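2 protein chains.
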Amino acid sequence: MSIKLIQGGVCAPAGFTAGGVRCGLAKKPGKKDLALIYSETLCTAAASYTTNKVKAAPVLLTQAHLRDGKAQAIFCNSGNANACVPGGEEAASRMCFMAGKLLDLNPEDIIVASTGVIGQPLNIPLIESAMPKLGQALTGEAEGSKAASSAIMTTDLMEKEIAVSFELDGKTCSLGGIAKGSGMIHPNMATMLAFLTTDAAISSPMLKAALDFVIPSTFNMVSVDGDTSTNDMCAIMANGLAGNSQIITHGPDFDAFAAALARVLIYLARLMARDGEGATKLLECTVTGASSDATARILAKAVIGSNLVKCAMFGKDANWGRIICALGYSGADFDPGQVKISLASEAGTVVVCQNGTGLNFSEELALKVLEPEEIGIQIEVGQGEGGAVAWGCDFSYDYVKINGDYRS
Amino acid sequence: MSIKLIQGGVCAPAGFTAGGVRCGLAKKPGKKDLALIYSETLCTAAASYTTNKVKAAPVLLTQAHLRDGKAQAIFCNSGNANACVPGGEEAASRMCFMAGKLLDLNPEDIIVASTGVIGQPLNIPLIESAMPKLGQALTGEAEGSKAASSAIMTTDLMEKEIAVSFELDGKTCSLGGIAKGSGMIHPNMATMLAFLTTDAAISSPMLKAALDFVIPSTFNMVSVDGDTSTNDMCAIMANGLAGNSQIITHGPDFDAFAAALARVLIYLARLMARDGEGATKLLECTVTGASSDATARILAKAVIGSNLVKCAMFGKDANWGRIICALGYSGADFDPGQVKISLASEAGTVVVCQNGTGLNFSEELALKVLEPEEIGIQIEVGQGEGGAVAWGCDFSYDYVKINGDYRS
Numbered sequence: 000m001s002i003k004l005i006q007g008g009v010c011a012p013a014g015f016t017a018g019g020v021r022c023g024l025a026k027k028p029g030k031k032d033l034a035l036i037y038s039e040t041l042c043t044a045a046a047s048y049t050t051n052k053v054k055a056a057p058v059l060l061t062q063a064h065l066r067d068g069k070a071q072a073i074f075c076n077s078g079n080a081n082a083c084v085p086g087g088e089e090a091a092s093r094m095c096f097m098a099g100k101l102l103d104l105n106p107e108d109i110i111v112a113s114t115g116v117i118g119q120p121l122n123i124p125l126i127e128s129a130m131p132k133l134g135q136a137l138t139g140e141a142e143g144s145k146a147a148s149s150a151i152m153t154t155d156l157m158e159k160e161i162a163v164s165f166e167l168d169g170k171t172c173s174l175g176g177i178a179k180g181s182g183m184i185h186p187n188m189a190t191m192l193a194f195l196t197t198d199a200a201i202s203s204p205m206l207k208a209a210l211d212f213v214i215p216s217t218f219n220m221v222s223v224d225g226d227t228s229t230n231d232m233c234a235i236m237a238n239g240l241a242g243n244s245q246i247i248t249h250g251p252d253f254d255a256f257a258a259a260l261a262r263v264l265i266y267l268a269r270l271m272a273r274d275g276e277g278a279t280k281l282l283e284c285t286v287t288g289a290s291s292d293a294t295a296r297i298l299a300k301a302v303i304g305s306n307l308v309k310c311a312m313f314g315k316d317a318n319w320g321r322i323i324c325a326l327g328y329s330g331a332d333f334d335p336g337q338v339k340i341s342l343a344s345e346a347g348t349v350v351v352c353q354n355g356t357g358l359n360f361s362e363e364l365a366l367k368v369l370e371p372e373e374i375g376i377q378i379e380v381g382q383g384e385g386g387a388v389a390w391g392c393d394f395s396y397d398y399v400k401i402n403g404d405y406r407s
Numbered sequence: 000m001s002i003k004l005i006q007g008g009v010c011a012p013a014g015f016t017a018g019g020v021r022c023g024l025a026k027k028p029g030k031k032d033l034a035l036i037y038s039e040t041l042c043t044a045a046a047s048y049t050t051n052k053v054k055a056a057p058v059l060l061t062q063a064h065l066r067d068g069k070a071q072a073i074f075c076n077s078g079n080a081n082a083c084v085p086g087g088e089e090a091a092s093r094m095c096f097m098a099g100k101l102l103d104l105n106p107e108d109i110i111v112a113s114t115g116v117i118g119q120p121l122n123i124p125l126i127e128s129a130m131p132k133l134g135q136a137l138t139g140e141a142e143g144s145k146a147a148s149s150a151i152m153t154t155d156l157m158e159k160e161i162a163v164s165f166e167l168d169g170k171t172c173s174l175g176g177i178a179k180g181s182g183m184i185h186p187n188m189a190t191m192l193a194f195l196t197t198d199a200a201i202s203s204p205m206l207k208a209a210l211d212f213v214i215p216s217t218f219n220m221v222s223v224d225g226d227t228s229t230n231d232m233c234a235i236m237a238n239g240l241a242g243n244s245q246i247i248t249h250g251p252d253f254d255a256f257a258a259a260l261a262r263v264l265i266y267l268a269r270l271m272a273r274d275g276e277g278a279t280k281l282l283e284c285t286v287t288g289a290s291s292d293a294t295a296r297i298l299a300k301a302v303i304g305s306n307l308v309k310c311a312m313f314g315k316d317a318n319w320g321r322i323i324c325a326l327g328y329s330g331a332d333f334d335p336g337q338v339k340i341s342l343a344s345e346a347g348t349v350v351v352c353q354n355g356t357g358l359n360f361s362e363e364l365a366l367k368v369l370e371p372e373e374i375g376i377q378i379e380v381g382q383g384e385g386g387a388v389a390w391g392c393d394f395s396y397d398y399v400k401i402n403g404d405y406r407s
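These protein sequence lines map, in sequence, to chains A and B.
Going by numbering that gives the first Met the number 0, the residue at position 97 of the first sequence is 96; the numbering climbs one at a time, nothing skipped.
Going by numbering that gives the first Met the number 0, the residue at position 302 of the second sequence is 301; the numbering climbs one at a time, nothing skipped.
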């Protein structure tokens with residue numbers, strides 16, 4: 000079974016069109032701020048949501064709309080989170096109504112999402128005036144996905160988009176995705192904004208099962224700043240146009256679908272970490288030898304989430320003491336005396352700690368290893384077979400700058 | 000019952016002397032790096048320790064030494080944490096042996112602590128050569144406490160010292176303390192380094208009970224960066240020279256002692272927050288109306304610990320959406336629709352959110368309120384009688400700078 004990278008993002012799967020335009024919600028001049036993804040036929044659909052107790056209105060409305068496991072379009076604005084604001088529910092409903100009218104759909108078949116500043120009323124007339132333009136922008140070509148991925152960005156610096164093809168039941172299926180990340184990203188949640196499309200035929204419960212299976216080891220292993228947003232959502236629509244016999248149970252077809260989904264989510268997770276606010280480096284922390292995968296995840300996330308580790312990586316400082324310190328306060332069970340820590344990159348590998356104590360490593364080599372943009376932090380805890388990978392980024396002056404005056 | 004601020008720090012209580020000298024462990028030229036606190040009589044003693052699974056050798060040794068509830072001196076070095084390093088236990092033992100020899104004490108009556116870089120061997124000969132000088136530096140005058148508080152600093156910018164007097168059983172008692180904070184400070188732990196002296200007579204179990212009672216609402220409510228160190232410790236020695244009848248049970252005398260202890264720890268906690276690495280502001284988050292004190296503590300700590308809130312305060316940005324967002328991911332139970340948030344300082348108060356939604360407040364007033372160095376974040380959750388206060392600091396470029404090249 001092979002999974003191939005293909006072009007087209009969310010427009011790669013058959014029957015999907017997408018587009019993005021500017022209505023004026025985003026403050027940055029010229030920035031697109033409305034994205035639409037549409038399937039020509041009704042889809043099975045599923046989503047994971049933020050675990051934040053404070054949930055934005057569009058999150059709550061999408062939960063209601065997906066209760067029947069069906070959707071046909073995703074409508075998302077950036078520039079405003081539509082969270083913690085009077086009339087938020089009505090505004091989210093209005094968005095679904097407008098998209099439904101544009102696409103001739105039942106508003107309950109719309110997945111709606113918002114991202115941006117919390118606590119400011121959403122300017123519905125601005126959105127309304129841009130709807131005709133958004134309808135015209137819909138296209139099945141690759142630029143439709145690009146425009147949509149651009150429109151959901153906030154402080155992101157790069158578009159996050161991928162598509163893969165894979166075989167199910169002798170048919171070639173496609174799975175595409177776009178995502179936005181950057182700030183307020185932490186593993187204690189469902190995920191950040193990610194919208195996925197596929198032409199595979201799969202029932203709603205199995206679609207949800209696939210998300211629930213893949214997200215814990217992918218999107219939930221990304222941390223940028225420890226803050227879990229009110230608006231996070233990962234939604235997927237499957238229109239079945241690939242013609243495979245519908246996946247309705249666990250089995251080889253489900254496994255193949257989940258593998259393709261994992262490939263897409265890992266790709267997007269890494270991009271979100273690399274494009275963390277102010278980041279200069281992607282950090283990938285791999286824990287092996289833990290007593291269980293769950294323990295390995297706790298350890299890897301503690302390292303990736305440590306502000307002090309993040310600052311050290313920004314400064315190219317092999318300060319592994321902060322890494323073992325983060326393992327120590329993670330709450331996970333392990334024996335500090337068994338820990339081995341290595342730092343790795345395309346420039347080489349340096350073992351900095353063994354049996355829980357520091358090695359007399361070459362600082363010159365360490366500096367060389369920490370120079371590139373992708374740094375691996377490899378931790379072996381010598382207790383069992385459990386493993387995990389977490390992704391994050393370093394902490395730079397720019398993170399503070401970006402977040403010191405986000406609203407202005 | 001009144002508690003009065005007095006001069007003298009840890010030398011204020013009768014029978015205590017202290018001193019600090021430089022042996023050369025700290026890299027900064029001229030920086031003192033050895034501190035000693037001594038009581039002329041054997042003390043009852045107690046301590047709280049880091050909850051980090053990785054505990055430095057001096058923490059483990061002090062735990063052993065305090066098993067009998069007795070101590071007569073505290074010996075601490077800065078510049079090196081003596082953690083995660085081969086021979087660490089032996090080095091900590093050597094420190095106790097040297098201090099015991101200098102003071103003619105059983106090494107087991109020494110509380111030993113280290114703070115600084117993790118994973119580098121402690122240079123024992125350097126310490127040994129400075130012991131005579133350290134002995135000569137011991138004094139009961141205020142400068143002894145100042146020298147000791149200066150010697151335990153790492154990236155701290157200011158000395159942290161306080162003393163109070165209070166009455167017990169008709170006798171005037173004193174309680175003094177010094178502390179170091181700055182980085183690796185987070186509430187999920189016993190505490191940071193703090194050394195306390197008192198001439199009150201109180202049994203070891205009640206001394207420990209007083210620490211356990213006061214620390215959860217004081218030192219455990221301080222967060223600088225979310226990282227819990229391997230070396231944190233708060234130790235207290237009581238020599239009983241004030242002549243009160245020894246506190247051996249709960250009751251009014253215990254309450255009076257605990258009140259004095261709380262006064263000292265709150266003062267030191269606020270100083271540690273204000274002097275957080277790179278901080279330009281002290282943040283004090285007050286939660287009222289929670290269903291319990293425990294819930295209030297979780298909520299207050301989540302706000303103080305949010306990187307995004309910290310960046311907003313640095314930027315004087317009344318971005319209250321990040322505050323309610325932090326409440327939401329705290330894990331505590333509350334009704335977002337009941338939340339009221341105000342920002343306050345000596346320049347005024349501005350209510351920014353009521354009933355969970357944003358108010359149309361004056362940005363001009365908000366900017367004025369966020370100008371001073373001490374900012375209050377006041378949260379009313381409208382559910383019950385539970386309350387808590389947490390202290391933290393803003394997040395500045397300098398935090399990243401300080402921690403990007405801490406070892407070099």
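Keep in mind that a hint or two might mislead.
Remember, identical chains collapse to one label, so a pair may be satisfied in a single copy or spanning two.
As the list claims (entries may be wrong) - No farther apart than 20 Å at their CA atoms in a straight line, the calculated lysine to aspartate or glutamate pairs in the EDC-like style are these:
1. LYS52 to ASP334
2. LYS52 to GLU379
3. LYS100 to GLU127
4. LYS367 to ASP103
Hint data in this document are derived by calculation from the structure and do not stem from the laboratory.
Owing to the predicted nature of the structure, the values given are computational and were not obtained by experimental measurement.
Structure-based check of each hint:
1. Only between protomers do LYS52 and ASP334 lie at most 20 Å apart by alpha-carbon distance; the minimum there is 8 Å, versus 35 Å within a single protomer.
2. Only between protomers do LYS52 and GLU379 lie at most 20 Å apart by alpha-carbon distance; the minimum there is 16 Å, versus 35 Å within a single protomer.
3. Taking identical chains as interchangeable, the C-alpha atoms of LYS100 and GLU127 lie at most 20 Å apart only when both belong to the same chain, with a minimum of 11 Å there against 82 Å between chains.
4. In the homo-oligomer, the alpha carbons of LYS367 and ASP103 never lie at most 20 Å apart, since the shortest distance is 58 Å inside one protomer and 50 Å across protomers.
Checked against the numbered hints listed earlier, the structure breaks hint 4 alone; every other hint is satisfied.
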